[in-house]
Amino acid sequence: MRPADWAVLAATLAAIVLYGMWKGRRQRRLEQYLLADRQMQWYTVALSVMATQASAITFLSTPGQAYTDGMRFVQFYLGLPVAMVILSITAVPIYHRLKVFTAYEYLETRFDVRVRTLTALLFLVQRGLGTAMTLYAPALIVSLVLGWNIHLTTLVIGALVILYTATGGTKAVSWTQTHQLLISLSGMAIAMIIAIRSLPESVGFVDAVRVAGRMGRINVIDFSFDLSTPYNFWSGLFGGLMVALAYFGTDQSQVQRYLTGETITQSRLGLMFNGLVKVPMQFFILFVGAMVFVFYQFVAPPLSFNPVQREKVRTSQYASEFTRLEQTHAEIFEAKRAAALELAENPDSAGITQRLQSLQERDASNRKAASALIRKNDPKADAADTDYVFLTFVMQNLPTGLVGLLLASIFCAAMSATASGLNSLASTSVVDIAKRLLSRGHTDHEYVVISKWMTVGWGVFCILFALYANQLGSLIVAVNRVGSFFYGTMLAIFLVAFYIQRVHGTAMLWGALIAEGAVILCALYTDMAWLWWNVVGCVVGVVAAVVVQAFMPKATPLSS
Amino acid sequence: MTDDKPPILGSWRNLYTAVLLALAAEVVLFYLFTRSFA
Chain A
245 MRPADWAVLA ATLAAIVLYG MWKGRRQRRL EQYLLADRQM QWYTVALSVM ATQASAITFL
305 STPGQAYTDG MRFVQFYLGL PVAMVILSIT AVPIYHRLKV FTAYEYLETR FDVRVRTLTA
365 LLFLVQRGLG TAMTLYAPAL IVSLVLGWNI HLTTLVIGAL VILYTATGGT KAVSWTQTHQ
425 LLISLSGMAI AMIIAIRSLP ESVGFVDAVR VAGRMGRINV IDFSFDLSTP YNFWSGLFGG
485 LMVALAYFGT DQSQVQRYLT GETITQSRLG LMFNGLVKVP MQFFILFVGA MVFVFYQFVA
545 PPLSFNPVQR EKVRTSQYAS EFTRLEQTHA EIFEAKRAAA LELAENPDSA GITQRLQSLQ
605 ERDASNRKAA SALIRKNDPK ADAADTDYVF LTFVMQNLPT GLVGLLLASI FCAAMSATAS
665 GLNSLASTSV VDIAKRLLSR GHTDHEYVVI SKWMTVGWGV FCILFALYAN QLGSLIVAVN
725 RVGSFFYGTM LAIFLVAFYI QRVHGTAMLW GALIAEGAVI LCALYTDMAW LWWNVVGCVV
785 GVVAAVVVQA FMPKATPLSS
Chain B
192 MTDDKPPILG SWRNLYTAVL LALAAEVVLF YLFTRSFA
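Chain order of the listed sequences is A and B. Counting from 1, position 515 in the first sequence corresponds to residue 759 in my numbering; the numbering is continuous, with no gaps. Counting from 1, position 7 in the second sequence corresponds to residue 198 in my numbering; the numbering is continuous, with no gaps.
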């Protein structure tokens, strides 16, 4: 990185942190600190909701996903707009009417304190680990590609987030997120423009899309039904709907964003905007990845994008084998380059397309052999290099200044998702655990102080977890999917709460435990794609709660 | 805290329908996009 890049990066991050602290100054009441006094307009709600979901991994890994697997990942988001409509009709009016601070507060009104506490604890476990991952994953990728110290990178990002989140609360989080999202999206747009402008003169925009399409990267919609395929129209619509309902309806990191809306209308409009814009936004980010893929059909890519593992294997006993694979890779690249140029000139030639596809298959199997070699050399290595594709492109091809801006945009995304996480963890810890179960009777201002310390405490937890995460090995994969272990159950609890009035607290508790058992069985003993675990948890949770309730003695009706 | 009509399209029902229609249109466009370039 050059001094100009450092200057842009430092100035952007400093501006965001100072802006957050300034926006969130003088927070004295709990409603002010945790819900920004419920004064936010729809556009702040909308951008804050979107920025919470769009972590740095969205901007780092999603383009890489398009590079290796095509654009089909966009189908994961197809259920989201439907979920936004359902939540606008159901959850938003209930949460607003009851003036709750957290989604779990409502569960005590509907069931009892046990269900509220269980759900709050499920949230704290999954969101605590999830927030640590939003800090760890980008720090790992950035530090590997740039050669930075991962501990220092984690500490700096974590400390900056804690600084403005703890001092400024929800107001600081929401306002900074609007700017962070815009910076991140601008960075992606710049990267895409540069990828397209760097193509050979004879390759226009439509030619580039055609090359991507013929090589399997424009596979946006797939209507085939297959339970073991992670991304198709059906898993996206139904599995994605469940995930989105659970995430936006029961996860405090999202609920807290739209609880800040000044009125039901403002909150609903925020969600509707998200429902309209999210799918095209993901399409855009994946399209950037597809264009980076096309760029690397004309500029030689490395055999593996993971620089550390690449160097490790080059200096190992497998060096000569790796060099042979690199030579084959170079030969395939030259042949692919020629074929792609020919395709731009003769777009209707079936022969060229076939040649290109067969070369792509050879390249994929060569890359697979390289991954196997990397893993053979270091069994603990993350042989998949998807996460490193986009950052490698940025570092090697963007001009001075823009590299700094792109890095700033990635850090902004990491900070915004982490800030929402910390903010919601503190809210739930204070409102659902500390204030409800442990230490009643403090003044409002004292709870603000406790909330600030909770934010710091959760921030320190996430930093420590992130610092030691690389020692967890394959556990990290499980942590990445931890949301899908709990979301189905959490959604079942809320669906029953909203729609099945005859089910009471004890039956719901049993239903939740049975649902968790079913999800764990699916994860351990079937090859079901993880997106479906959410559906299983939700369906089993609802059915089990209803069945258990049928066998419970009828409760004495309360006096009206 | 009031639940007014939305600022566009006259009613929430219309707005929800518009969001779902937009989703349907996106699926159709994505499908055509896939068919055209794959």
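Hints listed in this document are in silico derivations from the structure and should not be mistaken for laboratory results. Hints may contain errors.
Below, computed lysine to aspartate or glutamate pairings styled on DMTMM-like, alpha-carbon distance capped at 25 Å [claimed, not checked]: (1) Lys-196/B x Glu-506/A; (2) Lys-679/A x Glu-275/A; (3) Lys-612/A x Glu-589/A; (4) Lys-196/B x Glu-555/A; (5) Lys-624/A x Asp-195/B; (6) Lys-624/A x Glu-555/A; (7) Lys-620/A x Asp-688/A.
Computed footprint of chain A on chain B; a stretch qualifies when at least three of its residues, placed anywhere within it, have a C-beta under 8 Å from a C-beta of chain A [said to hold, decoys possible]: (8) 202-214; (9) 220-229.
Cβ coordinates follow ideal geometry from the N, Cα and C atoms, glycine included.
- prompt: Hint by hint, which ones does the structure fall short of?
  reply: 3, 4, 5, 7
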